[in-house]
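**Q** Hints in hand, dock the two standalone chains.
So the chains spell out like this:
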Amino acid sequence: MDASSPLELLIGEVEQINPAILLAEEFMRRNAEVLLNAEDINRAEEILHIGRTEIDVINRQIAALVRSSASPSANLPIGF
Amino acid sequence: MSVAQGLTISYPWPFGERLSKSIEYLSYKTRSHNAIAAQDSVAAILSEQQKYALYKEMFPKEWSRSRASLYRRGHYEKYSERVNELFQLINDQCFPLLEFAYDDPESEFENFAIPPLNVDLCCEEIWFDNLRLSYAAGLIFYFPDEAWDFLNEKFKVSRSDFPEIHSDPDPNVWDRKNGSLFGELLRLIDHSTGNPWLDSNYCQTADWYTWDRETIEELTKEFRAANETFEKLTRLDEMIEADPKKMLRALIEFWNKGNLPKGMKCHEQK
Numbered sequence: 001m002d003a004s005s006p007l008e009l010l011i012g013e014v015e016q017i018n019p020a021i022l023l024a025e026e027f028m029r030r031n032a033e034v035l036l037n038a039e040d041i042n043r044a045e046e047i048l049h050i051g052r053t054e055i056d057v058i059n060r061q062i063a064a065l066v067r068s069s070a071s072p073s074a075n076l077p078i079g080f
Numbered sequence: 001m002s003v004a005q006g007l008t009i010s011y012p013w014p015f016g017e018r019l020s021k022s023i024e025y026l027s028y029k030t031r032s033h034n035a036i037a038a039q040d041s042v043a044a045i046l047s048e049q050q051k052y053a054l055y056k057e058m059f060p061k062e063w064s065r066s067r068a069s070l071y072r073r074g075h076y077e078k079y080s081e082r083v084n085e086l087f088q089l090i091n092d093q094c095f096p097l098l099e100f101a102y103d104d105p106e107s108e109f110e111n112f113a114i115p116p117l118n119v120d121l122c123c124e125e126i127w128f129d130n131l132r133l134s135y136a137a138g139l140i141f142y143f144p145d146e147a148w149d150f151l152n153e154k155f156k157v158s159r160s161d162f163p164e165i166h167s168d169p170d171p172n173v174w175d176r177k178n179g180s181l182f183g184e185l186l187r188l189i190d191h192s193t194g195n196p197w198l199d200s201n202y203c204q205t206a207d208w209y210t211w212d213r214e215t216i217e218e219l220t221k222e223f224r225a226a227n228e229t230f231e232k233l234t235r236l237d238e239m240i241e242a243d244p245k246k247m248l249r250a251l252i253e254f255w256n257k258g259n260l261p262k263g264m265k266c267h268e269q270k
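Residue numbers (our numbering), protein chains in the order written: chain A, 1 to 80; chain B, 1 to 270.
Only chain B is shown next, with the shape it has when bound in the complex (with noise of 0.2 Å):
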């Protein structure tokens, strides 16, 4: 046995890991070392193995495969390189998890929030140009003068041409169950469909969320069904491009008597 053999130790992890966890212990060890710093890196551990935890049961494949560092930090610095895989993998293949104001190194995601993907109402200047159409139709009940501007720049449609709008929708444009296009649109205009990711906007305080399964796999499926309602506008808004004039007629019935007309099912789409 040669020398360099002898002096070869056969440890279970590579020697950059072991060298980074002995880089964080010195760091932290070099830290004022009181009851309050302790209490911090009490909470930071148990933090990042909640995360850890959650890592290897969403995603095992990926844990396994992993060779990011659990102690190294990571672009988060309040995170390990682990943790910061966590949140990409979540972002890439759950929901946009890294969009929402957490564009700086430092942010914490003790609880997180989630971006609003619903059009802001409330107080941002809405640009009909940037909107599906059928969205920008459905703005006739709220926001008259400048839905009917836009409708009448590009279909040469007024106001005067269609029958007057109720200032309170039909009860029965909030059933759920009629399965209605024209309902899921003006739920969505109304922010009440029920979806996180529909029903929140920049204005109000967001909701925080925490990190465990139920709650991620929760948002993901919300994320999804978000991005089916505005799917199913397509065909809505190619129904209004074909013949604005039905289409809006038929909406401000929908609007006033909660009278449906045929084919505006979701179930009726295809």
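Excised from the complex, chain A in its bound form (with noise of 0.2 Å):
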């Protein structure tokens, strides 16, 4: 098992943000009248589908991280 703390962990991770995020800011900012093409509807459902997949896992994780019973750290991060 990797000895790695859990900050260790999130410390490593590379940032990102859900992408439809950004996506509806782009898409509020545009010209509604000029309308979408193929190619942005495309990259709208893909980005959609990324997005929606996040978010499920997102509330898996909560769903486990709430059924799960609090035990006690070997590690007390400092303040505690």
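If a hint is listed, it holds; no wrong ones were tucked in.
Below, in silico cross-link-like pairs of lysine to aspartate or glutamate (DMTMM-like), each with a Cα-Cα straight-line distance of 20 Å or less:
1) B:Lys51 / A:Glu33
2) B:Lys29 / A:Glu26
3) B:Lys56 / A:Glu33
4) B:Lys56 / A:Asp40
5) B:Lys21 / A:Glu26
6) B:Lys51 / A:Glu39
Please keep in mind that the hints were generated in silico from the structure rather than gathered at the bench.
Since we're looking at a predicted model, the values are computed, not measured.
**A** Dropping the structure here:
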């Protein structure tokens, strides 16, 4: 098992933002009269799929966390 | 050049539309700015864009003339004024879109249902006085007691004056090739015309339609065909009114044996 602490694992993660948030910002700023072309729509649908998958993963993780019983940690964070 | 002229800035759209766009954007920014809200926003924009494309394709003149906002919310508040205009155009020029339980401004139209045009024989009480005469006559095969009561009251005819009605119709009754008015009437009552406006009723789960040109055009065509079916019955109504005994006898003969009396084909109407 990896000996890294949860904090170290988090620090090691790649920073990212759900792509739907970026796309929503882009779409809200564009001129609605210029209709989306097929390429835009495909890109949007792909991003919606990725975004939805990410939301589902997070929801499953939250559900698993809620189900987990509390257990004492061997590493006490400083200050506690 | 005056100071005022010097401050005039030329934009491709009117000020009101730019203001509406800004308000729409600001209200988006003030909503919960998380991934779920973003998903909903992108899906809503895609939905509106799909409808704008349909509007432009189906009603190009109206689109170029339109001043309805692409941003400000319309009567159906989930959609812009321009999309609302499309709903109204389809309702006015194609088929009754807005008459089917869409009196709530919060209604969603991602898929839409159509109102049945036929009489709901499943659960609704049948008001014979409100039916076309031919339709009421055709109900002798489905609701004989009520139908004969109605005919007796109207024409003083009794079930015993006519041949026994077979429990099942002759297979020829359903043959569309014979072009029979009686056949059209019975298919209409049986809800087996193949036309979605005539075969649906409020008791069954509604079919849901999508926003694409093919679907809208097909529903428009079927709506016109449904109205033509009812118009064709006018001739039959007149014939029954003129000689109820003869026509009821012919109708029963058609049901029992599939025999078609002269003058009862659709193309013979005129």
